[in-house]
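Hints given; two lone chains; assemble the complex.
Chains A and B are the protein sequences, given in the same order.
So for the first sequence, the working numbering puts the first residue at 753; every next one is plus one.
So for the second sequence, the working numbering puts the first residue at 909; every next one is plus one.
These aren't lab readings, by the way, just hints derived from the structure by calculation.
One should not assume that every hint holds.
[Said to hold, decoys possible] Selected chain A positions facing chain B (in silico; Cβ < 10 Å):
{"id": "1", "residue": "Asp-762"}
{"id": "2", "residue": "Trp-765"}
{"id": "3", "residue": "Gly-768"}
{"id": "4", "residue": "Ala-774"}
{"id": "5", "residue": "Met-804"}
[Claimed, not checked] With the Cβ distance kept under 10 Å, some of the chain A side facing chain B (calculated, not the full set):
{"id": "6", "residue": "Met-760"}
{"id": "7", "residue": "Ala-764"}
{"id": "8", "residue": "Cys-766"}
{"id": "9", "residue": "Lys-767"}
{"id": "10", "residue": "Ile-771"}
{"id": "11", "residue": "Leu-801"}
{"id": "12", "residue": "Tyr-809"}
{"id": "13", "residue": "Trp-812"}
[Unchecked claim] When the alpha-carbon atoms are kept at most 27 Å apart in a straight line, the in silico DSSO-like pairs for lysine-lysine are as follows:
{"id": "14", "chain 1": "B", "residue 1": "Lys-1138", "chain 2": "A", "residue 2": "Lys-787"}
{"id": "15", "chain 1": "B", "residue 1": "Lys-1106", "chain 2": "B", "residue 2": "Lys-1178"}
{"id": "16", "chain 1": "B", "residue 1": "Lys-1126", "chain 2": "A", "residue 2": "Lys-787"}
{"id": "17", "chain 1": "A", "residue 1": "Lys-787", "chain 2": "B", "residue 2": "Lys-1124"}
Glycine included, every Cβ here is placed at the ideal spot set by N, Cα and C.
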Amino acid sequence: MYGRKKLMIDPAWCKGCGICAAFCPRQVLAVVNEKVTIQDPDSCVCCGLCEMRCPDYAIWLVNMEE
Amino acid sequence: MPSDLVHLYMRIDHLPQMWCPGCGNGVIMRDVAVAIDELIHDEESGVNREDIVIVSGIGCSSRAAGYLDFNSIHTTHGRAIAFASGIKMANPRLHVIVLTGDGDCSAIGGNHLIHAARRNLGLTVIAFNNDIYGMTGGQYSPTTPNGDKATTAPYGNVDRPFDIARLASGAGASFSARGDVYHARETIDIIKQAILHKGFSLVDVYSICPTYYGRKNKKGDAVEMLRWQKENLIPTARYYNMREDERADKKLIGILSYNDYPEYTEEYAKVIARSRESLKKNGGAKT
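Next up, chain B with everything else stripped away, as it sits in the complex (with noise of 0.2 Å):
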């Protein structure tokens, strides 16, 4: 019998999980469960367990949906922006939670991305990011990196990799973040950010694969992804602390971008106001 977080926050017949040994998958889906959990107890967050809805996609990241306790959806291949959007537009004061992949919301579902973002829609939209495509049997996905190995690309990746992150900031998501699995503490607090915002917030967090992509790759086991993770992935503190040389190298854990454009709902919400207003006084709309 578990911890009272896996009680309280996960369907406990669903579980243990179906991930690999080793998987990061686990530990992001805890963190989105911890950052819930604060939030429902931080009173000034105005968060309620209600409130909340997890959409997922297609995938390993996808299977979320199923083990997390709370309005849950589990959509079709790339299309949980989709889903959410709707569910978004039709009750605003819902906490719209897409539990996504690196294929699934880059891939797949690239467009539901971008224009989500360009249109800064209040979703929040966790990217389980492990480099590959896991469930289908290891494929390369826009996310692996130039040169590295997958099962259909035995040779080395000739396409360069999106970075989802910068990708969603590009497209006008107000709020764009890297999370990851070693800096668990530093990413559920990134993730409580990401669920406070306002606007569009997508949170990066690199997972690992040590079955296909680890394997592949020669990266070593959960233990060896997890040690380059503590030694390449830089929470924000330290990294600007860091010289320009030393941090060459390296990648920053925590917001990358972060502004206050008006958010979709609100000003969809402003259109509906300022036609009623015109109904009212010229008995309909204009032609």
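This is chain A alone, in the form it adopts within the complex (with noise of 0.2 Å):
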């Protein structure tokens, strides 16, 4: 969490393809079993950078606000 928005990740569409974890700019993702994890959520700006390129959608932030 950061502010008001949150990280969310769906591991049955992610492919464990690494991209949202080499290019998060504070390394707050790994892949783990060719799975998309969170290892270190206080770090995680919410900057929206791993949903960006996230060819599969399987990570994306929600406004907790909603």
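See the structure below:
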């Protein structure tokens, strides 16, 4: 969580390509057993770069206000 | 249950998509969805969801017409622009967006591409350019770089590649641009401008194919291929701030050419008006 946003993952949609983890500016993510996992939730600033570059729409931000 | 964007603009029962792990096409398809979403929410743009038509041909890229939840049509190989031309001529009000691949639009459909560009017909063509025929097993395409390997070029490709953006602009397109997978935000903005452009607009989006092109040419996995894009494809502002020797082997991400040639359906409407006028005056067409 950061502000009112939260990072979500759907492992069933993840194909483990590792793009999100490689280009995360805060090293929040890692691919474990071919699925992305949140390793360091406290460092996440919810910039959304992972969502923007995920080819499989398996990772995204939700607005907690709604 | 993925993001709101996916729920809003994609056919959720067709997802997750069938592209390979790390394929750039998913990112480009999302770029298109975000671009449309931002235009719909921008009242000044005048874009309505009902006026969007997605047309695709055949190939990995062209699966996108099935995934995107708009008026959509998945046509035959290379003919996406031909079908799109018919749709645009029948109803010029529509925003007709063609999602095609490098092979689909520059080999099999090469003539449709250059003639739609020459006429400056108001279509938006987004070419998912991954330098290879992925769906059929990795044959070289018109954009495979010279010397690179493919299943049909095991000792290196003899051909020299097309630069699709420059091809379109040379053929008369009034808007030609280049995007990529890594610079998603920049590419979304380019796609928005392309959709709003009145004449023929083409965005050559550099995709990545880790499965065939990447593996055959030892380019590494998806992450390595995106690193290459990050270092070698440079967004406009930074590109023009670089010294000439610095940017010698880099490529520009942004708008390559832009002008205000007359748009085809508008010119065609004028011909219809002139013929009607002539009929009214003379009671028939002059022979």
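Verification of the supplied hints:
{"no.": "1", "hint": "Asp-762", "in the structure": "holds, 6 Å"}
{"no.": "2", "hint": "Trp-765", "in the structure": "holds, 4 Å"}
{"no.": "3", "hint": "Gly-768", "in the structure": "holds, 6 Å"}
{"no.": "4", "hint": "Ala-774", "in the structure": "holds, 4 Å"}
{"no.": "5", "hint": "Met-804", "in the structure": "holds, 5 Å"}
{"no.": "6", "hint": "Met-760", "in the structure": "holds, 8 Å"}
{"no.": "7", "hint": "Ala-764", "in the structure": "holds, 7 Å"}
{"no.": "8", "hint": "Cys-766", "in the structure": "holds, 9 Å"}
{"no.": "9", "hint": "Lys-767", "in the structure": "holds, 4 Å"}
{"no.": "10", "hint": "Ile-771", "in the structure": "holds, 6 Å"}
{"no.": "11", "hint": "Leu-801", "in the structure": "holds, 8 Å"}
{"no.": "12", "hint": "Tyr-809", "in the structure": "holds, 5 Å"}
{"no.": "13", "hint": "Trp-812", "in the structure": "holds, 4 Å"}
{"no.": "14", "hint": "Lys-1138/B with Lys-787/A", "in the structure": "holds, 24 Å"}
{"no.": "15", "hint": "Lys-1106/B with Lys-1178/B", "in the structure": "holds, 16 Å"}
{"no.": "16", "hint": "Lys-1126/B with Lys-787/A", "in the structure": "holds, 24 Å"}
{"no.": "17", "hint": "Lys-787/A with Lys-1124/B", "in the structure": "holds, 25 Å"}
Hint check: no violations occur; every hint is consistent with the structure.
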